[in-house]
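*Asks:* Take a look at the letters that make up each chain.
Protein chains: 4
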Amino acid sequence: MTRILPCLLLLSSLLACAQDQATRPVKVDVSGAWILREQIFDEVQTHRMSLQVSRLTNRVTGQVGSSKIDGTISDSHVSLKMLTSNGRVIATYTGEAKDGGLKGIGDWDGTKSQWSARRPVIKPEGSPRTHTFTPTEFYRTFSATTPPVLHIFPGDTVRTKSIDAAGTDENSARRSIGGDPLTGPFFVEGALPGDALVIKLNRIRTNRDWAWSGQSLIGNALAPDYLMNLKRVRDFNSRWKIDTAKGTVYLDAPTNPLKGFSVPLQPMLGSVGVAPQGHNATRTIESGDFGGNMDYNQIKEGATIYLPVFHDGALLFMGDGHAAQGDGELTGDALETSMDIEFTVDVLPQKSIGTPRLENDEFLMAVGIAGSLDQALQTATTEMARWLEGDYKLNPSESAMILGSAMKYDIADLVSTQVSIVAKVPKSLLATLKHQ
Amino acid sequence: MTRILPCLLLLSSLLACAQDQATRPVKVDVSGAWILREQIFDEVQTHRMSLQVSRLTNRVTGQVGSSKIDGTISDSHVSLKMLTSNGRVIATYTGEAKDGGLKGIGDWDGTKSQWSARRPVIKPEGSPRTHTFTPTEFYRTFSATTPPVLHIFPGDTVRTKSIDAAGTDENSARRSIGGDPLTGPFFVEGALPGDALVIKLNRIRTNRDWAWSGQSLIGNALAPDYLMNLKRVRDFNSRWKIDTAKGTVYLDAPTNPLKGFSVPLQPMLGSVGVAPQGHNATRTIESGDFGGNMDYNQIKEGATIYLPVFHDGALLFMGDGHAAQGDGELTGDALETSMDIEFTVDVLPQKSIGTPRLENDEFLMAVGIAGSLDQALQTATTEMARWLEGDYKLNPSESAMILGSAMKYDIADLVSTQVSIVAKVPKSLLATLKHQ
Amino acid sequence: MTRILPCLLLLSSLLACAQDQATRPVKVDVSGAWILREQIFDEVQTHRMSLQVSRLTNRVTGQVGSSKIDGTISDSHVSLKMLTSNGRVIATYTGEAKDGGLKGIGDWDGTKSQWSARRPVIKPEGSPRTHTFTPTEFYRTFSATTPPVLHIFPGDTVRTKSIDAAGTDENSARRSIGGDPLTGPFFVEGALPGDALVIKLNRIRTNRDWAWSGQSLIGNALAPDYLMNLKRVRDFNSRWKIDTAKGTVYLDAPTNPLKGFSVPLQPMLGSVGVAPQGHNATRTIESGDFGGNMDYNQIKEGATIYLPVFHDGALLFMGDGHAAQGDGELTGDALETSMDIEFTVDVLPQKSIGTPRLENDEFLMAVGIAGSLDQALQTATTEMARWLEGDYKLNPSESAMILGSAMKYDIADLVSTQVSIVAKVPKSLLATLKHQ
Amino acid sequence: MTRILPCLLLLSSLLACAQDQATRPVKVDVSGAWILREQIFDEVQTHRMSLQVSRLTNRVTGQVGSSKIDGTISDSHVSLKMLTSNGRVIATYTGEAKDGGLKGIGDWDGTKSQWSARRPVIKPEGSPRTHTFTPTEFYRTFSATTPPVLHIFPGDTVRTKSIDAAGTDENSARRSIGGDPLTGPFFVEGALPGDALVIKLNRIRTNRDWAWSGQSLIGNALAPDYLMNLKRVRDFNSRWKIDTAKGTVYLDAPTNPLKGFSVPLQPMLGSVGVAPQGHNATRTIESGDFGGNMDYNQIKEGATIYLPVFHDGALLFMGDGHAAQGDGELTGDALETSMDIEFTVDVLPQKSIGTPRLENDEFLMAVGIAGSLDQALQTATTEMARWLEGDYKLNPSESAMILGSAMKYDIADLVSTQVSIVAKVPKSLLATLKHQ
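Going down the list, the protein sequences come from chains A, B, C and D.
Each residue of the first sequence is one higher than the one before, starting from 13 at the first, in my numbering.
Each residue of the second sequence is one higher than the one before, starting from 13 at the first, in my numbering.
Each residue of the third sequence is one higher than the one before, starting from 13 at the first, in my numbering.
Each residue of the fourth sequence is one higher than the one before, starting from 13 at the first, in my numbering.
If we strip away everything but chain A, and leave its shape as in the complex, we get:
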């Protein structure tokens, strides 16, 4: 029996040991935190799971999502029941502890699932870290199937760049087909479906001296009789000059009436998003609950973005920089240019949000994204009401007093299939309320 003892002590090489002892039963300790992955047909879900093992009885208890776990472990074989809070069995899992992980078959009222569990990844030494990432490929689709370009941890900062909406970089070199090619995706370790991803934009600055824009107003922002009588202008030059010294942007070769016309330089990112739900793959010119092309001119240096997480690692993309943009991105393409970007990520575990949220020094902001402005406004108002009701424990009349007396709306984006409206509440007014 002498060989066994060192084995039991050497827990750091549990696997080798277990294999070594395959001929004889050995208790594997499955206690602690896990990431559970289960697949039923083509549906994959990932959850945080915690297990506790009673050494004496081999009973395993635990929690996954809102379900309790009750089961047994015998050597490496586990058998787990998932129970509702009032004790009804909703699924039974059997499996094996192997290679430091768990793996097996589930039964959901007759429907089979494959499941596996792995230990959460540990933050590396020296965290939080700052990464400098120079993109070489750019993606025009938000998708969970795109391989991540970088794995980062909550607290980490990334310094990177984005090219413009037509695929041209800071050296005016063509790097991609147009249509909002983005930088990323960044895999944020520890971000799981049901969490909120936090992205703090530390620095968003233009990195070349020109931008280009659309040449005319988008049709859906104009009345039919205006459109029917519109005399379109041919060959209008809509290239802009970026003057960082003066902090302004102006047309490079203005027509006579616009000589002297300039607007403040206000660098922003048109698109910040994560991989959308399930098998969805969405063009980066679109937006949705995953964020994306919200084209909101307040997504700029100093802003913090909260996005729902739908996949392991969240898979964060960003880009589509604008040197300046009026509300709604009325020329279809705003003042498109390349950007230097620095951002810091964080994860709020199990913070369920229905739609992107933003925050800056002044405002809490909820972004409503939908197929019409009327519906986008409903989404934005509702999300803001829920935000206040949730975080400050207000009833619907109490939140109504705040929204009715002080909430403001911005119209963020009018381009593409979905439009977006932002509901915003001054943070100063919430100072006396008790955050829960």
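Everything hinted at is true.
One copy or any two copies: either way a pair holds, since identical chains are not told apart in the list.
For lysine-lysine, the following DSSO-like pairs were computed, each having C-alpha atoms within a straight-line distance of at most 30 Å: (1) 439 - 253; (2) 363 - 405; (3) 405 - 439; (4) 446 - 258.
Hints listed in this document are in silico derivations from the structure and should not be mistaken for laboratory results.
If you're wondering where the values come from, they're calculated on a predicted model, not measured in any experiment.
Keeping the supplied structure of chain A fixed, place chains B, C and D upon it in accordance with the hints.
*Replies:* For chains B, C and D alone, coordinates are given in the frame of chain A:
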């Protein structure tokens, strides 16, 4: 013939005299400016008309709207042809100069009209004047049939008061049924259909120490699933205290979480409008091209409002004061209270505007009012494009550069049948453009 | 005292008798049915009221709307309290019985009202009657201030005519300015606010051999990019020929590709409506809960229309006949022509409906009218759900089974400020349900 | 060297031959039809290409899309210029004929592309064929990355089955997670981007005796005040019985009022779609220009569907059968059940359509799919106008006459992110028009 002399002297009774002298022709001088009123079936239209008479030939020439006039006068009988710019006759008028006016019958390609003309009213001595008007009756309908309470002239200033949306005045006395009872209508001499009425709000101040608001959010601003799960709060006390010293408003008897919650006092008028087109009579809770219940929180002290004129005298109403209001008036009734009002009017002859316009120190603003936000936004954007294209002689791509890079939207009103969105352009950016 | 006795017996000449006895107090019998009219500030309301008098005690009890009445009568002086169902006093009325009516002052918690009551008008001998009405004036405004052209009773039938949308009659004579001039208003005796007016269209037939239509599609039914590239056709001849023998309509002078193109003759009324709520006056080209220009091609011979009543007598207008019309009236003006009309009216007392309802042999139909199609659909669906839930005592899931499996929608009207969608349920499917 | 002769003759085995002769340069004949595939960054495009080779000069001419081709071939090396119609060079391609195909590098004004070309696949002997396909896997995403389950040719017929929206098959066995799992994708040989895919539904029949539906109306079809006051019914049993003998469907365990309520059995497919544009992957509960979950109750036996093709092979999916459905699928889930399906496909090369089109014995139908009903209607009307203007060479006023007098709308689908409206024109009315 002794009877003739007193007649010639008594010019104040021209009519009697003219009739008396019917046997002898007398030339009436119809030269100069007129206000023409014509009626075809139940349709009444009013226009500025100018006539010139050649003493030698009795030929009458002139202009009304875009039509040229060519005719003759013989004694008091006039015969006029209305011609298009290329000389086609569109109507013939015959009539008589009588009692200082003109009156007769028109023929529009077989359809008869009654027409009459009067001399424009002259501004009184001492103009511009300041009127103090204490309202005793309040109207809940925008209508041209409401008798005016005061006749004023361009340049005049009016000091008056409004009661709150429920009909309660500054002494907390009930003065009307609820539903936005307004002060007015003020008849602005010289304002004619096709003109723009200008209303400068010099002073808009609350004049009592309380307001009341709705108790919950309006349904159309909320998502269906929120509404289906809403637990409404009973007997919520939504009376507010106005603290003019501190410049804040807060709930009078707040529930626990809202103790300490207050918003800045920002007095505004929910409703400023003129009599709507034709025979329309519209509840004052509604809005439209005539203005009305736009519920825009920037219609406050310092703002200038431009409204299209549809009737002789414009017939201006105002009221529905709010001590403060978030965008959209989300509680249906904002912080409703009574107001002290001072405003100055002006008239821009033949300045055709499609929808209400506003101006303050910072912005030009066009109000889009329609049955959905999507349509209201189209109206607002289009009106702003037309404003810039008209006043600064820009082509559609030039106006697109300004709108695309710098225009902002506000969502003004979400209550009632029509909603409103405001498109606004910073005036500072237009400084280098040449106003035509 | 002998003279008093016959008086008390001769109740049929109450008034004469009361006057006769004016020198001496006489008990006036106020028992029975009344029409109560009350005015608070500028708000007028009319209700059915019933009173019962106890001969012994002079106590007066009764009902008005949902309020109970409790009061006294002393000679001709009445004093009445209005009470909620649980006995709380909401108003006190005092007044006098005089000239067969009642008249006095009310007090609503400090706010004064004027009230009066009259006996309901009795149906004349020979009812129901058929009236032939030849209109001489036409109205382009739905308004309660328009004097009625004919007083009719429930059950009565009217034979009349309408002119076309441009004001031209069956003899091609110009009778009005264009803009949907309508025939009426007809005052329906006994129709009171809160009732539903029933209009059965017995006969709707074209009465001349031509129609005219718009020449191009309306802008709001077309996509922006189509509008921006539209090459409008000049001088297109859109006069149509009505061939009643063949039952078809075709272009009078078709361009080459449309030679041979014809559509079935399907005469309909574009506009049927009553005077709108309160002081509102609305152009006849508009629609709303009062009906109006719904432009629904199923409002034709054989259809029954139910409209909410907002004013004493309802004040029914109709016209805007179309020889044929696709859904939505896409050319702005459909195949406009004059009509022979025969309809029969009825009144459903206190049948509260939120929006116009229709019925024909096949369908129950609810018309949703709003500022956008999305909202119009919500109104139509909701009204149909309420119709089924009310008339068949269904819960929301039961009505959902019917609507989800069998309801159809028609898009009725896309022209003007409000659009309309019709929700319709086949009556055959409701045959087994129990009407309450 | 006798072996060479048969080789040159045996052009049917060009590839084997070419390899055989690799040591000596041989002229490869690249004349004829090709399928060109090119990739620029992550953008892939496929086009039909035709080449003609002059034997004498080695000059290669041809056509791809709207571009002319002019180049040379030397042995197996090709060098091609793509030119606009007026001769401007837009790209140059160089490459090699190898293994029966072509392959090389392109240069688009400095941007590199990879290109390759293959010969079109030839229809097999015995075409058209009828395939019986029994699905074993079901997909809940429209995506070009899903491997096709069957390759079919234009003219071929497929007999297959679909499971219900919750994943249950005709034997009531669970086969997939819910959310409209579909059968397919079918790869249609010869279908290329820019073509229209034609799907004739020969037979759509329920194949089990039960269905299930949602239990309440969807929120977005109801007015806010109805929703706020809704008393939801718990545990309502919405399982339906399908009685194919009687051709009716009725609740399995109806509540009292619905005993006797039944609706006609009208089997339809809720979802028929192709792989969407580019890298998009879209849940099968969604719809778009690719078709998908249009939930239109006229997509049933006898209907023909036209869908735009975005990828090589089109990749056709279908399923989501409903035993019956009212307009809009108001219960969110209609009467969901499994289906027997038989359909025949065809391809219309380079028939560009903007949105799905349908046809049955009675109507031409264009499906407008968008984020709001107002926008969906614009899309549907526009597509129908374009259909008529394109196929019958009508000007906009001529198409307006048809749409205005005779077009009808159906509201197809109100569920999910996009809603759909169908514009339909009776084919009988088009009989006299000349199809181009």
